[in-house]
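J.: Residue numbers (the numbering used here), protein chains in the order written: chain S, 1 to 273; chain H, 1 to 273; chain P, 1 to 273; chain V, 1 to 273.
Keep in mind the hints are simulated off the structure, nothing from the lab. As the structure is a computational prediction, the values presented were derived from the model and not from experiment. Accuracy of the hints is not assured; some may be wrong.
A pair counts as met if it fits within one copy or between any two copies, since identical chains are not told apart.
[Said to hold, decoys possible] For lysine-lysine, the following DSS-like pairs were computed, each having C-alpha atoms within a straight-line distance of at most 30 angstroms:
hint : residue 1 : residue 2
1    : Lys255    : Lys132
2    : Lys214    : Lys168
3    : Lys255    : Lys69
4    : Lys134    : Lys168
Each chain, letter by letter, is given below.
4 protein chains.
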Amino acid sequence: MDLIATLQCQDQPGIVHAMTKAILDCSGNIIENQQFTDPITNFFVMRTRFETNESIDLAKQSIQALTAKFSPIISIRESAKPKNVLVLVSKVSHCLRDLLYLKELGELSIHMPLVISNHPDLAKLVESHGIKFKLISNGDENEISGAIKDLDIDLIVLARYMQVLSTKLCDQMTGRIINIHHSFLPGFKGAKPYHQAYERGVKVIGATAHFVTKDLDEGPIIRQDVTHVTHASGPEDLIAIGRDIERRVLSKAVKLFAEDRIFQVANRTVIFN
Amino acid sequence: MDLIATLQCQDQPGIVHAMTKAILDCSGNIIENQQFTDPITNFFVMRTRFETNESIDLAKQSIQALTAKFSPIISIRESAKPKNVLVLVSKVSHCLRDLLYLKELGELSIHMPLVISNHPDLAKLVESHGIKFKLISNGDENEISGAIKDLDIDLIVLARYMQVLSTKLCDQMTGRIINIHHSFLPGFKGAKPYHQAYERGVKVIGATAHFVTKDLDEGPIIRQDVTHVTHASGPEDLIAIGRDIERRVLSKAVKLFAEDRIFQVANRTVIFN
Amino acid sequence: MDLIATLQCQDQPGIVHAMTKAILDCSGNIIENQQFTDPITNFFVMRTRFETNESIDLAKQSIQALTAKFSPIISIRESAKPKNVLVLVSKVSHCLRDLLYLKELGELSIHMPLVISNHPDLAKLVESHGIKFKLISNGDENEISGAIKDLDIDLIVLARYMQVLSTKLCDQMTGRIINIHHSFLPGFKGAKPYHQAYERGVKVIGATAHFVTKDLDEGPIIRQDVTHVTHASGPEDLIAIGRDIERRVLSKAVKLFAEDRIFQVANRTVIFN
Amino acid sequence: MDLIATLQCQDQPGIVHAMTKAILDCSGNIIENQQFTDPITNFFVMRTRFETNESIDLAKQSIQALTAKFSPIISIRESAKPKNVLVLVSKVSHCLRDLLYLKELGELSIHMPLVISNHPDLAKLVESHGIKFKLISNGDENEISGAIKDLDIDLIVLARYMQVLSTKLCDQMTGRIINIHHSFLPGFKGAKPYHQAYERGVKVIGATAHFVTKDLDEGPIIRQDVTHVTHASGPEDLIAIGRDIERRVLSKAVKLFAEDRIFQVANRTVIFN
Numbered sequence: 001m002d003l004i005a006t007l008q009c010q011d012q013p014g015i016v017h018a019m020t021k022a023i024l025d026c027s028g029n030i031i032e033n034q035q036f037t038d039p040i041t042n043f044f045v046m047r048t049r050f051e052t053n054e055s056i057d058l059a060k061q062s063i064q065a066l067t068a069k070f071s072p073i074i075s076i077r078e079s080a081k082p083k084n085v086l087v088l089v090s091k092v093s094h095c096l097r098d099l100l101y102l103k104e105l106g107e108l109s110i111h112m113p114l115v116i117s118n119h120p121d122l123a124k125l126v127e128s129h130g131i132k133f134k135l136i137s138n139g140d141e142n143e144i145s146g147a148i149k150d151l152d153i154d155l156i157v158l159a160r161y162m163q164v165l166s167t168k169l170c171d172q173m174t175g176r177i178i179n180i181h182h183s184f185l186p187g188f189k190g191a192k193p194y195h196q197a198y199e200r201g202v203k204v205i206g207a208t209a210h211f212v213t214k215d216l217d218e219g220p221i222i223r224q225d226v227t228h229v230t231h232a233s234g235p236e237d238l239i240a241i242g243r244d245i246e247r248r249v250l251s252k253a254v255k256l257f258a259e260d261r262i263f264q265v266a267n268r269t270v271i272f273n
Numbered sequence: 001m002d003l004i005a006t007l008q009c010q011d012q013p014g015i016v017h018a019m020t021k022a023i024l025d026c027s028g029n030i031i032e033n034q035q036f037t038d039p040i041t042n043f044f045v046m047r048t049r050f051e052t053n054e055s056i057d058l059a060k061q062s063i064q065a066l067t068a069k070f071s072p073i074i075s076i077r078e079s080a081k082p083k084n085v086l087v088l089v090s091k092v093s094h095c096l097r098d099l100l101y102l103k104e105l106g107e108l109s110i111h112m113p114l115v116i117s118n119h120p121d122l123a124k125l126v127e128s129h130g131i132k133f134k135l136i137s138n139g140d141e142n143e144i145s146g147a148i149k150d151l152d153i154d155l156i157v158l159a160r161y162m163q164v165l166s167t168k169l170c171d172q173m174t175g176r177i178i179n180i181h182h183s184f185l186p187g188f189k190g191a192k193p194y195h196q197a198y199e200r201g202v203k204v205i206g207a208t209a210h211f212v213t214k215d216l217d218e219g220p221i222i223r224q225d226v227t228h229v230t231h232a233s234g235p236e237d238l239i240a241i242g243r244d245i246e247r248r249v250l251s252k253a254v255k256l257f258a259e260d261r262i263f264q265v266a267n268r269t270v271i272f273n
Numbered sequence: 001m002d003l004i005a006t007l008q009c010q011d012q013p014g015i016v017h018a019m020t021k022a023i024l025d026c027s028g029n030i031i032e033n034q035q036f037t038d039p040i041t042n043f044f045v046m047r048t049r050f051e052t053n054e055s056i057d058l059a060k061q062s063i064q065a066l067t068a069k070f071s072p073i074i075s076i077r078e079s080a081k082p083k084n085v086l087v088l089v090s091k092v093s094h095c096l097r098d099l100l101y102l103k104e105l106g107e108l109s110i111h112m113p114l115v116i117s118n119h120p121d122l123a124k125l126v127e128s129h130g131i132k133f134k135l136i137s138n139g140d141e142n143e144i145s146g147a148i149k150d151l152d153i154d155l156i157v158l159a160r161y162m163q164v165l166s167t168k169l170c171d172q173m174t175g176r177i178i179n180i181h182h183s184f185l186p187g188f189k190g191a192k193p194y195h196q197a198y199e200r201g202v203k204v205i206g207a208t209a210h211f212v213t214k215d216l217d218e219g220p221i222i223r224q225d226v227t228h229v230t231h232a233s234g235p236e237d238l239i240a241i242g243r244d245i246e247r248r249v250l251s252k253a254v255k256l257f258a259e260d261r262i263f264q265v266a267n268r269t270v271i272f273n
Numbered sequence: 001m002d003l004i005a006t007l008q009c010q011d012q013p014g015i016v017h018a019m020t021k022a023i024l025d026c027s028g029n030i031i032e033n034q035q036f037t038d039p040i041t042n043f044f045v046m047r048t049r050f051e052t053n054e055s056i057d058l059a060k061q062s063i064q065a066l067t068a069k070f071s072p073i074i075s076i077r078e079s080a081k082p083k084n085v086l087v088l089v090s091k092v093s094h095c096l097r098d099l100l101y102l103k104e105l106g107e108l109s110i111h112m113p114l115v116i117s118n119h120p121d122l123a124k125l126v127e128s129h130g131i132k133f134k135l136i137s138n139g140d141e142n143e144i145s146g147a148i149k150d151l152d153i154d155l156i157v158l159a160r161y162m163q164v165l166s167t168k169l170c171d172q173m174t175g176r177i178i179n180i181h182h183s184f185l186p187g188f189k190g191a192k193p194y195h196q197a198y199e200r201g202v203k204v205i206g207a208t209a210h211f212v213t214k215d216l217d218e219g220p221i222i223r224q225d226v227t228h229v230t231h232a233s234g235p236e237d238l239i240a241i242g243r244d245i246e247r248r249v250l251s252k253a254v255k256l257f258a259e260d261r262i263f264q265v266a267n268r269t270v271i272f273n
């Protein structure tokens, strides 16, 4: 059995030592191991993938017992078991399409039982992939809350969902909602950012995937990327280029989450890539 | 003789036609030709490199005569003749070093007769390259103005010169002063930007080279680039990575200027790269 | 009407001049114009996109009349009219999926009436996109030849079609068949190239899209890209990374072709990107 | 004191456990820790940077005692102590200049007591940086061997040294000689590779830094990078672009070596970056 264990706690001497002992004790063979101590908070995070012939319960007991003195947050799961992902969309399809595409290609291991939208536009696309589609009114989060519970949702992906979520929902799903937004150097406030970017003559445009907090567009950054553009790209070209980078950055962030590679420390993330 | 002609005017039918006729008329052979019409302002820019056995004066007359009806701004010069560049620095050396390095390697064709600084720190470095170094007091632009006139300066490069230039100087040298500054997604105001970027957990850091206008850090962007960073880079690492990208972006912008590849249209640039 | 004209001939003085005159004469307004003279062969290529209220026939006549003395190869077509593309596949789907995906997203303007394969595996995928699928035996090119004629095929895309085409077909479709293959530094001969690359410890893997000639894998290169890999990527990881880069490079090459941006000069290409 | 320990041996359960115990025992605080098991050879490599108030000798004893049963190759050294680097050059300066530049900027921590060349061309450049320059005849390796012994050389860098080293020297310095060479897709044999690359119309050109073995250009790859080129770059432009990428790839490889980040496993490297 291939297991992924993650551990988070204040750094203290002996954690790796205890963790490796626990894995030895259940005859585990370490495949991947990464660790990091944040120098500002002194917070320690660790991700270990290991094989064992013992049960997941035994591995869990062994790790919990030996690391208990560090009071860590521990998670252990089978790497083969995909996470349950709820996708929220509005009208534009590029981010959703990329997730479906990578999923079907076998490069993104997630289970996507439901897509919820505040617009009917993408119903047919979603259903053609054998996925349930539910239309909601703006601001109505009942269906979302219901789905989280009923479908045991591990992650909500805002795939260009043009609605702000309630503080209540953000708090309930802290560290489990990923959003994508465009990013520019310099930044632009207000409407039509790609048009502003064109008028300002920017030479790169980018996208940022981040966890959602109640402070809109301010949660911990998971992944960013940019692409070079030239004067020859008009506003519509920039929008098309932006679509391309948005979908790639969001898909990569979802993949990192699906593989337990993202850790939140203070207002930033540690990514074991 | 290898000549570079640039032409700028409102777009009208027949400009390229007139320009190519003028070059034909002086037995010119076009080596490179690039043109662009900005869709918002309808402003047209064109850069043509051509060889001719005629004199530069004859080529100039031919082009002026045939394009006069478009009332263009025209420049014609020998591509082999390097531009005169005045570099302003303060204490840090990385951007200046990169310019000197590329110049000596033969990859950046500029003439650098003088470096002016408001700190004595880099005097020895500058002089070891056989370049005159002049120390000025903060805010004293007399030496700068004198040098512009006496040395026939084509371009001022602010190679991490930590002083704001006067509006008068900015106006006098419009489109001929290049500055470099760091760039982040999102942007940060205030002191210690790399420390702020670290605390915010950014995954890319960048730099922007731009023309200087009286609105600090707001002039037309010439070049931008970014580099990916991870959680493992602390504030000091980010500063080192920032140095690397700052110097590369600034050097590239200076090289583009040295080869007449930058055109300013409204508040943005057209770059024929 | 938005037209794309391309022109190719030995370089001589006056070509651009004649071309711009022809466009002026049919009241055309140039939107994009790029040109290049290959220094080795002295061959000249030019791509001009322009708008006109006149008919395409009138534009064609005007251009032909004024450029006749240069004996050029000329093509003029409406930019809005997509080219007919025949895709050949075998068993793996990633390249085909990417073409379908970009096509449906509206980022790749092609008409894809038929997919032909020597294996039945991808029939369902193809048909679910409303495209006809035809199964052929290995080496049987009758269906391919028939489709070229009946469907007025402009381009054949070998989207990981694991068969060598006959010299006859290669000659018939010179400059109109695009293939994708993996590329490594250094190169590897023989079976299982990704396994060889792993054993050799390469740090980048790449892909090359090229025109097909009778010399397998030796036609003019259209596009290449690479991605960085590390020791941590095993052979299977390299294959997955290779899939990602193959599909992106091939799709981009097809897009360049669809927009008349590729010119062949001797054994290399000029790309107006 | 800031120490870097590296450990290499066949993988067995308990190595990380033993290593972390040894560091705990000398009151060490782990700053960085990376490990990897090669899946083909089952060879394990580990790099640990840690702080301790104990002496380096005590740390060494502790690690040796606790890991002895794994029969590892161990190295422990102060991270602040730069390695001794001997640079060999011929006529071209770009790679040497980049090493000097980064060294003086404080971004490359090495000690460079001597440069040896088979041509006198770079003597002045080297001596202007306060470094000893020695001219040798082609094929005479006495000075090199003498310098290795007298100057306690840790690394030889072939900064475009156009001579093949003897098998004896290669064997003596296995894993301690780094070379740089250009790389193309596809590869080219014979003279003037950049001219061949131009005629073949390649769209990327690259460079590879590798350890030198007696099989020329075939040792374990340390780092590779490429840059995109277009049809507009003639052979001389490709050479200039190649210079830029060669120097960056070589400098990075030297920096990785200087920080004990390179491990050799079979014919490939593990890089802890």
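J.: Is the C-alpha distance from Lys134 to Lys168 at most 30 angstroms within one copy, between copies, in both cases, or in neither?
T.: within (21 angstroms within a copy, 54 angstroms between copies)
J.: Given a CA cutoff of 30 angstroms, do Lys255 and Lys69 count as a within-copy pair, a between-copy pair, both, or neither?
T.: Neither way: Lys255 and Lys69 sit 32 angstroms apart in one copy and 40 angstroms across, limit 30 angstroms.
J.: When Cα atoms must be at most 30 angstroms apart, do Lys214 and Lys168 count as within-copy, between-copy, both, or neither?
T.: within (9 angstroms within a copy, 46 angstroms between copies)
J.: With 30 angstroms as the alpha-carbon cut-off, assign the pair Lys255 and Lys132 to within, between, both or neither.
T.: For Lys255 and Lys132, the Cα distance is within 30 angstroms only inside one copy (21 angstroms; across copies 33 angstroms).
Hint violations for this structure: number 3 only, all remaining hints satisfied.
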